[in-house]
Amino acid sequence: MYMAWLVILAVIGAAGMLSAQELAEEKVVVTANAYPVPFENLARAVSVLTSADIGNVPVRSLLDAVAHTVAMDIRPRSPLGMQADISMRGSSFSQVLVLVDGVRINDSQTGHHNADFPVQMQDVERVEILRGPGSSLYGADALGGIVNIITRRGVEPARFSITWGQNGLVEGSFGAGVRKGDWEQSLSVTAGRAAGFMFDRDFRHISLSSRTRMGSDSTLFISHVNKEFGAHGFYGPSPSREWTNQTFVSFEHRSGNTSGPEHTYLAYYRTHGDRFLYDIRAPGFFENTHRTHAAGAMAKARRILDHAFALALGAEVGGDWIRSSNLGDHAYVRTSLYGEGQWTPRSTVVLYPGLRVDCYSRFGVALSPSVSGSWWIKPRLRLRSSAGRAFRIPSFTELYYRDPNHQAESALKPESAWAAEIGADLVPARGWIASLAVFRRHERNVIDWVRNSPGEKWRTANLRRIKTSGLELGAEREIKQHGRISINYSFISIDAGRVDYSSKYVLDYARHCGSVAASFSLPLALRYQQRLIYKMRSGGRSYWLVDGRLERDFGRFTAAIDGTNLLNTHYQEVVGVDMPGRWLALSVRARL
3 MYMAWLVILA VIGAAGMLSA QELAEEKVVV TANAYPVPFE NLARAVSVLT
53 SADIGNVPVR SLLDAVAHTV AMDIRPRSPL GMQADISMRG SSFSQVLVLV
103 DGVRINDSQT GHHNADFPVQ MQDVERVEIL RGPGSSLYGA DALGGIVNII
153 TRRGVEPARF SITWGQNGLV EGSFGAGVRK GDWEQSLSVT AGRAAGFMFD
203 RDFRHISLSS RTRMGSDSTL FISHVNKEFG AHGFYGPSPS REWTNQTFVS
253 FEHRSGNTSG PEHTYLAYYR THGDRFLYDI RAPGFFENTH RTHAAGAMAK
303 ARRILDHAFA LALGAEVGGD WIRSSNLGDH AYVRTSLYGE GQWTPRSTVV
353 LYPGLRVDCY SRFGVALSPS VSGSWWIKPR LRLRSSAGRA FRIPSFTELY
403 YRDPNHQAES ALKPESAWAA EIGADLVPAR GWIASLAVFR RHERNVIDWV
453 RNSPGEKWRT ANLRRIKTSG LELGAEREIK QHGRISINYS FISIDAGRVD
503 YSSKYVLDYA RHCGSVAASF SLPLALRYQQ RLIYKMRSGG RSYWLVDGRL
553 ERDFGRFTAA IDGTNLLNTH YQEVVGVDMP GRWLALSVRA RL
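For my numbering, add 2 to where a residue sits in the sequence shown, where the first one is 1.
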């Protein structure tokens, strides 16, 4: 089966998406470097999901859309994005940094909350996924990669959608905006609920967001998310319940232009609440409540020094604190400085050296150097390579959590890793693109929950060195007036040396991960979208998932029938947590 994947990808890669020049005109990436870079100057492994791309796959949440990118391992505990862990390139769920418009939203309590995106799917302009280390620009947590959710600019026509489905699913959304001169205001709301596919797996949620644009330079974004869901088996065998809420505020101001000095200023605040009831049959037995806060400000500037060199410099200050019934009250602050250069000695060659220094009140100083470069050796073939250091500080849960089965260690050290990769991008003909990358990551002081025997408590510890190697392949083709098809595959191998302990998280990864997504136009003005995902985890369990959607436009209205897990596969992304079987739904969308 694995050889079949390689053969398919090799054929597609040989056939060839847009030319490099055409892609450069269409795609500008903001996550891989300190300032936006056109596709032709990229030197990192980046996947870009536009709002159109998301609309072309049969998904019901933003997390499901992100799952169809190279080397991405989304491990939901609950459907429709209620709770999930994000892994990239074999990383742990705490080693992926999540950003919204360049602002970090990783939660200091636990990485299990990092996928609580404060953005509704209808408000996404695009998602950029950077694979590999990103600490030289963004600081802690960016070992496996970065997910940057970029919110929609401008004012969209009023729109609404409603969905009815099996398992008591009802979900609706509404969005509208107004423009007056150089002032814009957009509002969105999404709410839904489901009775659940099994006992104690029901959920309900509501999301509200507001975007205010003042002139062409200043933007204020505010969002609030509330979730309640059954958590049977999430962290133990008991029927459990969890409530989370999050408020996120960011303000951005830009000045200057690409021909002169550019300046960007950001300020943000985020608070996240989590209430967990271990056994709903005994409410007084074990209940935790946590409230985290994060606040910060950053400034960066870029200047083109001459035709071959540009320099970007940035500074950031911020802090995280928690109030918790189990973890106690704790806080830390950080200050950061970083710089990145862009050297273009030839029109076909570009190099990016970078360095960041993070100073923590508790964890000391972390240096994160990096270098990357690319070379168009042929008009349609590019080689690229990068290397860098990344780090992660422990979460408050890893430092202080205690219950009858778990004992955290407060003296944990930060994780660190050196990583390197080499890759190639092929754009041999209009309508095609193919990419390949191989990488290696050496980690030290990796944090995990471990125990030596089943009778012992799980405890947090810094593990000895871990080495991760991987291969990534991806290809995509646009078919004019008919649709598109994309195929991704990744292979991961982790060498932890001699293992004489049980690992709860780090050594459970997707060894093989592949996906195929396609959208086609059919007779009678119908459109069909399908997605297949294959995973084989390190423990040997494997499964196929198939999702599909059939839709048709009726003027301003669009009606769709979609289904997830059409093969009715029984599977668990997280051991002990069953995922839904076949799930059908009918939806109607409209633009007013």
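Any given hint could turn out to be false.
The calculated DSS-like cross-link candidates involving lysine-lysine, where the alpha carbons are at most 27 Å apart (straight line), are [what the hints assert, rightly or not]:
1) Lys-229 - Lys-506
2) Lys-415 - Lys-459
3) Lys-415 - Lys-537
4) Lys-537 - Lys-29
5) Lys-415 - Lys-380
6) Lys-469 - Lys-506
7) Lys-537 - Lys-506
8) Lys-469 - Lys-380
9) Lys-415 - Lys-469
Don't read these hints as lab results, they were simulated from the structure.
Since we're looking at a predicted model, the values are computed, not measured.
Against the structure, the hints:
1. Lys-229 - Lys-506: 26 Å, holds
2. Lys-415 - Lys-459: 20 Å, holds
3. Lys-415 - Lys-537: 32 Å, violated
4. Lys-537 - Lys-29: 30 Å, violated
5. Lys-415 - Lys-380: 46 Å, violated
6. Lys-469 - Lys-506: Judged against 27 Å, a Cα distance of about 18 Å means the pair holds.
7. Lys-537 - Lys-506: OK: Lys-537 and Lys-506 at ~19 Å, within 27 Å.
8. Lys-469 - Lys-380: 33 Å, violated
9. Lys-415 - Lys-469: 18 Å, holds
When held up to the earlier numbered hints, the structure conflicts with 3, 4, 5, 8 and fits the remainder.
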